[in-house]
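> Build the complex from these two chains, which are given one at a time in their own frames, with help from the hints.
Sequence order for the protein chains is H and G. Just so you know, numbering that gives the first Met the number 0 puts 122 at position 123 of the first sequence, and the rest follows in order with no gaps. Just so you know, numbering that gives the first Met the number 0 puts 891 at position 892 of the second sequence, and the rest follows in order with no gaps.
No false leads were mixed into what you were given.
Over the 10 Å line for every Cβ pair with chain G, so calculated as not near, a few chain H residues:
no.: 1; residue: E177
no.: 2; residue: A178
no.: 3; residue: Q356
Partial chain G-side listing against chain H, Cβ under 10 Å, derived:
no.: 4; residue: S267
no.: 5; residue: L643
no.: 6; residue: K650
Simulated from the structure, these hints should not be mistaken for lab results. From the three backbone atoms N, C-alpha and C, an ideal C-beta is built for every residue, glycine too.
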Amino acid sequence: MIHSLFLVNSSGDIFLEKHWKSVVSRSVCDYFFEAQERASEPENVPPVIPTPHHYLISVLRHSIYFVAVIQSEVPPLFVIEFLHRVVDTFQDYFGVCTEAAIKDNVVVVYELLEEMLDNGFPLATESNILKELIKPPTILRTVVNTITGSTNVGEQLPTGQLSVVPWRRTGVKYTNNEAYFDVVEEIDAIIDKSGSTITAEIQGVIDACVKLTGMPDLTLSFMNPRLLDDVSFHPCVRFKRWEAERILSFIPPDGNFRLLSYHVSSQNLHPLRSTSLVAIPVYVKHNITFREGSSQGRFELTLGPKQTMGKGVEAVLVSSQLPRGVLNTNLNPTQGTYTFDPVTKLLSWDVGKINPQKLPSLKGSMSLQAGASKPDENPTINIQFKIQQSALSGLKVNRLDMYGEKYKPFKGIKYMTKAGKFQVRT
Amino acid sequence: MNGHRGFSVLRSEAVGAVRTALVSAENLQLTLKTELSQEEQHLKPHTHTNGGPDETHTKGYCTEVNDDLKEMLESNKESLKLEAMKRIVGLIAKGKNASELFPAVVKNVASKNTELKKLVYVYLVRYAEEQQDLALLSISTFQRALKDPNQLIRASALRVLSSIRVLIIVPIMMLAIKEAASDMSPYVRKTSAHAIQKLYSLDPDQKEHLIEVIEKLLKDKSTLVAGSVVMAFEEVCPDRIDLIHKNYRKLCNLLVDVEEWGQVVIISMLTRYARTQFTSPWKEDSVFDEHSVRAFYESDEEKTRDETEAKAYVMDPDHRLLLRNTKPLLQSRNTAVVMSVAQLYWHLAPKNEVSIVTKSLVRLLRSHREVQYIVLQNIATMSIQRKGMFEPYMKSFYVRSTDATHIKSLKLEILTNLANEANISTILREFQTYVKSQDKQFAAGTIQAIGRCATNISEVTDTCLNGLVLLLSNRDETVVAESVVVIKKLLQTQPTQHSDIIKHMAKLFDNITVPMARASILWLMGEYCERVPKIAPDVLRKMAKSFTSEEDIVKLQTVNLAAKLYLTNSKQTKLLTQYILNLGKYDQNYDIRDRTRFIRQLIVPNDKSGALSKYAHRILLAPKPAPVIQSAYKDRDRYQLGTLSHTINTKASGYLELSDWPAVAPDQSVRNVEVIEPVKEWAPSLGKTGKSKPAKSSDDKFYSDSGEEEEEEEGSGSSSSDDSSSSSEESGSDAESSVEKNSSQSSEESDKSSSQSEKSSSESDTEKKKRKTKKPLQKKTVKPTAKDSDSDENRNVAKEARSSSAEESSSDSESDSDTDADSGTEHKKKTKSKAKPKVEVKSNEEVSLLNLDDFTPAPVTQLKSSVLSPSLLGDLEGLCLSNVSSTIQVSGPAFVPEKSHDLLHRMTGKGLSAQYQFPRQPCLYQPTMVSVQISLTNTSDHPLEQIHIGDRSPTGLNIHCFNTIECLEPEASVTVSMGIDFNDSTQAANFQLCTKEDHFSVSIQPAVGELFLPITMTELDFHKEQGKLLGMNESSATITMAAENMTSQPISRPVATVANLGVVPSGQDNVHRFAGKTASSGAVVLVTVELRELSTALITINTEKSVMGSMLLRDLKQALAQA
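Chain G with its partners taken away, still in its complex shape (with noise of 0.2 Å):
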């Protein structure tokens, strides 16, 4: 022992001294290895066995056994370290000291047996901090591993050396984590952004450093690093609201998809910031509240109608955004995400919106206990301002004896909340049930409950009464005992006539032994001593002569009581008054005696008594206020309802404060996002075609006033700079809001390119319509980062936009669904509504002109996003893509179908008729879009005008028209190109042909192969594609082919014919390759095929896009099957 404590001291010595330290450590018998490490080690165990309160007489055991271990982790086989490594996570689990194997454990970081070396890390994560010299002999091996090709080891290797909590490897970090952060994998990306707050929480010097990263990784589009940045952000910089702004809408957007951890954080960060970014939808809604009680279901947007027209406030559609896309997470499955859903809309929802929670709050009633807790915390919170929201809910609350007692209690608290004059017949009664109850404590709670009720609801104040003096005669002394403390309280409203309760409580006063319920008796009698002039005195009596037995805070009233009946009743009280008073002067309690003096001094007239007791007979017989029996939970919502803070009702650290409402909004522009991003790696791999040059020109041409488009891409920020085309009339009347101006200059543009102009509207109208197109226009702005879309979802998206309304929203496909069918129908709504007041019938047609107009913005906002032009894009988007094989580029198409298909009948086209076809070239409008042909031919004897593309549907969907033909004269015929972002999705492409005269509906259905762009590349890059799109992103299938079939060229012509794929040169004979990529998310796409024997092939086709996939495949297979 001796020894052990020897080295404790060295240890503490410089490195040098330690190391003359080991000829001792010699004599503990520990074998002596060469290396330094294993020198350290043996002399780890003393240091700590002795710090350690493990003391001594375990010591013994511990180090054999770690000598056992040791010898198994030293050993070749791989499974003796397995077994050692096993127990010694054992051990840790248990909480016991394993530190002294350190060296022994990390020699095998590097070990080729995962499980291994999972264990390995677990130990280093946890003993690093203890051993930091030892520790870093680890690090090299993480620092390799954060270079290896898979992500998933990059990533393991990030968290673990994020883990080790030493301080000399901060700069290691620091560069890892930068790495990290611009990861191709978002997998690595998310592990970085936890590894921030590791560091944070290491180093906080590191914060400067560490924003960057996060600011760089806030603009990630990936779900997966969302929900763990914005962690990192809560944690770092909470107050840096100002990196959010740019991403606002993306994370708004993205917010369904993000893993339900991630919403949570999520959610409550946007509830902060939108604290402080919008001014507050409370505003004077008294008016609103009482028809507040919405369907579920109903449309938010025509709520915010009825405000606008009612008064002046506007609800910031980012505001809205934020309100909408959380709504449907009220479904999610996780409590915490629901919790935090109702949280944001008690802070953020006008009032009248904020009901939509109530239904899921109180289904989350049904989860675990501990859920049932903090959910009925925060309603008894809610229930105390509002009412009405859990009033129809009110049976949820009713209490069932296998409740835990602090359950019952909340839920007493929010029955009590409830409680009004319609409904309190049913909660007394339910009451009763729970008096009863064998939960004495709980019963308790209830007579408060009860008392509750009766000082706020004055109609039953006396039945109340009633009952509690009923009550009196229980035989549990806690009941009894509450019920006269709530019947004090009660008298004391209403004193007057209550006499014979007080009487038939001084009854009672004998039997009662709670020291509270006697204190409150002797209290009302010296209170009311004048009404029950008989009895009080008596009650004195009784008192003094038990006043010694007694505990304080009944003496103290004693003392009271008697002083009150000596000024009211001195003949009869005197000398008991005095008697009292002596007994109390001499009280061990020095509060006792302190008050008796008072008493003494203030009552019994004397000439040291100054003036005071004079006013004796007003000091202590003053009318005193009743008490406000008021709920525990009140004002508890100072607190962000669903936190730490809220539940504890103190300020837990690290608690971030709701701000207040702005008086006037920040800028709004702040949120637009004006440059498009250089999207993900894997982004659309563009070819610079050579032709995109006259793309730009023809774009300018097209919209005329290319400057008033640079003017919207710098934010549109100042008013007045937008007013400079035609509108002035119109914008004066619209001071609105910058975003206003944007969207008003916008459909002032589509007004002018579309030729038809709406005359009648009045000025007012093409307001209110700007206000509306505001939406969906701020929606596109955002659009590109919500790419990830479903393409099943899109297909439902298309559905319902078909379904709600035959007139065309501006939607736009993917997760904003309702919206879009709330602002159509919306629309609808307001263009009726607008049409009364202004006498004016408008016939159908005019609606459907209305939404025209209002709706053609779309194409320019989108064309907006990109303003770079297809070139610069191009050229941007080769630079981001460094990292991505240059091999792999757009290339010609293969082959080029001649079909072309009918869009419009010259029958139904009434002379005109239009053929189209897709002439697999890159759009040149934009790389998204796919180009298709149409050839328009006059076959009527008249000249045909005006030729141009009108209305559309989806909504959303973004056509680049070709410019309207002025005239096409008879049996002439005109080829023009347009391009169509088809969203790769199938689904047919809707618009309108618009002649002068008349107008047909067409559509575009293009086939799943001409979605795709053909790209080159090596075969090397093949594989190396295909090797990241396994698993559920490959499809394949099997079919017989004919013989002759079995060579290279029929192979790539009925492939080539299906689909606009480039092939790739194969190694083999038997195995061709064909690669693609998608044309609006440039999702690579990549087709085998396999001949075998027996005339069967393989088809397999690999690609994100798992639905084009089993698509394509379908195709295939038919095709190669018949060719």
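One chain only, chain H, in its complex shape (with noise of 0.2 Å):
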């Protein structure tokens, strides 16, 4: 399957590479270069490149391309997923997943690649063992290596990876249990130029960090399951008691970890109505116009709250991608700062908290190319923001409850609503 794999950093060199049969000569990134010169953005590097000998899968994370180097048919998604869990587990070890990072650790990625994957098929991705393999690097663990000449690899055999739990390790042992759960929504809109809804959903996910002694065995169980029509588990949901009884059985992996995401789209919101939408918690009043003829343009924004439930809309950040030809602007913010970078003509400003009572706004003018012409479309507007103690969705877990182990945990339930690709056309 995956035959190697190069670490290409965004200057084009690569600086890592690792090999699962016979070695394949780095020049095979020769076409992977030649892409990437083609395409005018970083993302815009086809994932999939064919060669004459090898197929080259990639993805860009981090600024870095992870190319993965193919000999024969294999699903392009197996490839890009286990990509994405590599850096996902360099992330989860090493806190970032940077080149100065990997360059570090090295050591430790080789470590972490050679059980991930044999002979190009994965092997161990589950985190929970991987640390039971590895032991990620801390500072401590560092200096009392270097000093003892220990090491970082487990000593102990892990038992996840034979036992019918393959994703919890053994012998987990806390002195406080606990099990916290974040109930995270993003969403997702597009709002048009008046102001109304084009489209928009809701993309949750349940986090967990659970740090509980021993094997428990949770069950949690919402209000409204019936928003949760369509959703992905981690798999160590039992599937089936959801099926039945929509409430969520598991034992959990230690630490970390996504229980489940899930979509709520403006359907299953109101089933009667399908064009009825999912409730925007802001809105932006703007007037960007540039006339002809003229080598300014003006430059009006306000934000204000709508449907937020109450609670207050925060760290709100607004960015555009203004036309080319604006050489600069100036502008007034009555909250929060303001940036334009000339180069990349992206306008980003950081408004923090929206007081209902004032209003935030930004004014201002712009100043174009002379004798530029009109740019023939107003930029889009990217928000982002965050509104804490409440799920735009209104899903509410109802209650969590342990079975398997006699301690009582302590549990923890926080939601939170955030933007995710929230874009105002102008």
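The structure is reproduced here in structure tokens:
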């Protein structure tokens, strides 16, 4: 399946290579570089590139290209999914997945890659098992290792892979037993010029941080499970039980993991009226105009809360890619700070919290290239925001029960709404 | 440097020559060691650095560094070695050559330090191919490790050994793989499956032997192994589809529990398999196409029924099994799994069921850019054929300004595919926004999309055309150019009334600089020159002026225009044409010269021009068919969806074609699994009970016709043979399939066994029932495979089954829960629908009777799967268990509690009272059953007749009933024994106790302790077993006990009362050990009671049935604390 892996940084250098079968010369990456040159933006590089003898399948994360070399037919998603899993694992191990972090931990990286694939076929991709095999580096351990010459490879051989519950390691012990669940919903929306919603949907996840001793068996039930009709689960969730009772029953992995992700489209919020829409928590008033023949353009933007269920809208960040013709901007925010990069033409305005009494606005003028014609499209505005303590879809956890262990765990559930791909067309 | 070169020459000679060359090596200040390996190593650097592109100036440095590293490797300090290895791995990662360190590294292969060892493995795998002679030195280490008691060490040894790509060791690898394939540990077996592929790529000659191993591993029942072995199968012998037959059902049933990567591989293999084995479900389903949009959770079965009734097509139950068992995987978090299920449905499911994958595919669009790309490509292909599937999700394909360009164009493609009369206005409005995008490439794509919509949907052609004309005044060149090209195509489809558009374009001509657009306008002028008689010559005039500076494509069209005008309007354009033809004659481009020459001959009549010029008008101005604008994704589905080949739209190497459906389904019986497989190594270590003989005979008697059973067992292939008994009139009507026969036979048998044969139901009725019985029946046959059932799930299933309907489908347990529910409801519907046409109004009771008939075959089939009878089975198991200590044997119960429980009170039983108790004897009928003794007493004043067992639930419950008691006199009592397979759960067994007149629902609720069989073993074995069951398989608790209980006698007493366990002799006074195994799956259960000070005791239970373990622990705690 996966023959080799090359890591390429943004300047086009291969800084790591790993081969699972016979060695493939790194010159195979030339085809990749060619494609990279042709692409205007880094993310425009096609994920699948055929070459005369191989196929290159790549993913781009954290401005590193992970280029897998394939020799024969394989589902491309299989490779892509695996590569993303590799990145996730690196991130899990090193906190960040940057070129520097990978270079610093090259030995751990190599050990991980060795465990994750055998002959190009995924072997151990569960982070709990990997952590049993190879201890993640910590500063303390690094120091200790250098002094004592001890190792970061687990002496204990893992048991998880061999058990019925491959995602959980054994012998977990905590003094404080706690289980936290974060219900995070992202709203994806496209708002048109007039302020009406073209499309809006909610992408939710429940991320868990479970630190429980032993082998707990948890059940999580919802007040309104009807909302969850398009879900994907962590393998630990007992699907049958969900189908029958709409209850999540699972033996959790140890530590952080994503329990489930779900999708709420406008359809399943209001099954009868497929046109009805997800509540949009903010509105934007905008007036961006360019006049023909003038080298000045007007820019006005006002934000306000709407349908926020009484919660404050925080961490608002507005960004917009202005047309190429714009040379510079001269704007005044009523709150927060704004920056404009004259090279990339990227305007970003860090608003902070929206005060409903005094709505934040950004007003001023843009100077245009002299003689350039009026841009024919107004820029799209991307908005990011957070609303704490509420899930936009109204999803609520009813209760969490634990079986199989005796102690009383500390339980916590947090809700949050964020903007996902929230775009306003102007 | 010269020295080095000398070496490389020498190196190519025989080894002896190399050795002599060592003398010169000394000149290179390399320390010469005595060992041969080192000598060679000293040679290596030179040969290498010479050959490599990494030439001379770095070499000095390299050697220096390497010397350094070598010294570290040879030191005695572990930490230095480790440090050196880390640096070497760093070098490998950067792609630097570190091969000259091979000898120094390979010496550490046997190191005790795990990390060091691992790094050495990494190194070895990387360089072994280049350093074959030296690599051989390490082999013995691996051979030793292959025998290590620790499974993980065995596995990793095999992994590395098989990764060493050296041809000489092929026999060793082959041997190791064969051994590992029958290893006790599934993990090692998994590794051996991986090793198969490695060996195959190293030496394809081994194929035949490897196929044998694959065949063996395919039979493996571990979920860990399944994915890897199928992968090996796909790589080594994808054409040996025959190997799959026997494992098909097992794979389907295991699928949900296999790890995600294995799922992908298995699903794509099963897709191919199904296309060769089943008939097409797509015949004439246009009938159903439109009311096809079904709710996600609606029963599948019902649909099958629809179809069955409407036409002759019946889906093979195995086909259905595959579809049903893959459906839950749509919920996987792994996008590759979801995609593979989607493609499976696309290629295998009846057309009206495909749409259940839509929602999941759309969900994947939220994932990473690369995932989106692949998924969108597949959706694009699907949406061409099946608009309806994705139309409700149209808005999910709206483009965002932040999408990457290739994502944008894919979304555009899909939106175009989805466009129809109803939604076109929405889509066009959306397109309007896109046209203004700053991404001009995307804007151009949108214009093409508009063009496609306009041609496909005639209602909007005019609107689109007008919109496009407006775009002609756009400032951006690419947009205008694209518009021109698209307008040209559109006009061609309906040129009649569009002369103003052509005029408009002619006006714009001067401003348009993109060659393709200019060429298009010129072509339009020429083609429709009669509609614009005034403008066309003028355009030609302009072109004549600028001809020399135009692009080739424009020149060609200018020549064409000139020719056409010459033919239609020679008066005005004769001179112009001649001028242009002259220019063209001397053009640099030979195409243009050729064209000019040809045109001249064609249109200008002269004596040399032949007959052709007469036809010039017809040649040049022939009506041309409008171009068909079609998607790039049309016909992409000739490649299996989700594959690499589909993505790149060419056949990738190693792509396996999806065959067409066979016209006639191949023999279905090949998938029947006839003989019970000797199950996993640790499976029931069944004692050879002396009583097994009578058990067999009693079986035979009960089912009256043992010959028939024999037949069934043989695979029920021939259709005539099983008509032997009374069923000839029925079997006449159902010439459907052998499987059906099989079921007919069994249901028949059940008819006989249960006296309630149903007289009213007509022949067709029974047949229908049979068709359905077939399903649970076959599941039955595969049953023993899916045995790692989570008892938790069992509980769920039970609940589900109970709640889903009052009636009893023959549910089994475990993963098939929804199936059963489905079939249950399905059945209900069916019975009703059947009842209608027959006018005969059936009462509820009758319905339940029907059920009874339908589902009684369960015990029969169960029997079939174990026809070998307990005694024979016992023997077999004894054989295959040779690797488990022979001292583990089922023993007699240590203690049999006298306690009996009420089953049926005489009041509720109208005089019949029943009590049951657990005699704690191994069940005679089947090893997996728990034996139960029932004493029946007649307290009424009249004799009770025909006492027997009727309906049961949960439906899959396996009960060996007692023989019908023909008559029980008043005040008489009788004790009968029966066997119940509780499936290792304490869930109550519900069944009906029937007399001739009445039936009473009763239930037997076993205490967890009754589900065990005691075994004896030595203390040593106990420890060994315990060692295998640590971690999650262990549960323990500390309790306080009364002081007088601190001796061994009172301890074993309460323990024995609670659970049917055997005492294990213990060397320590304060530790008491008990051992048993679960009746159904034979999992070992070990109980340790360790007495401590202050009258506390630690109870530890080791078993892989963790739920049973914790229940047992609870019971024991209670018992010991009380005592």
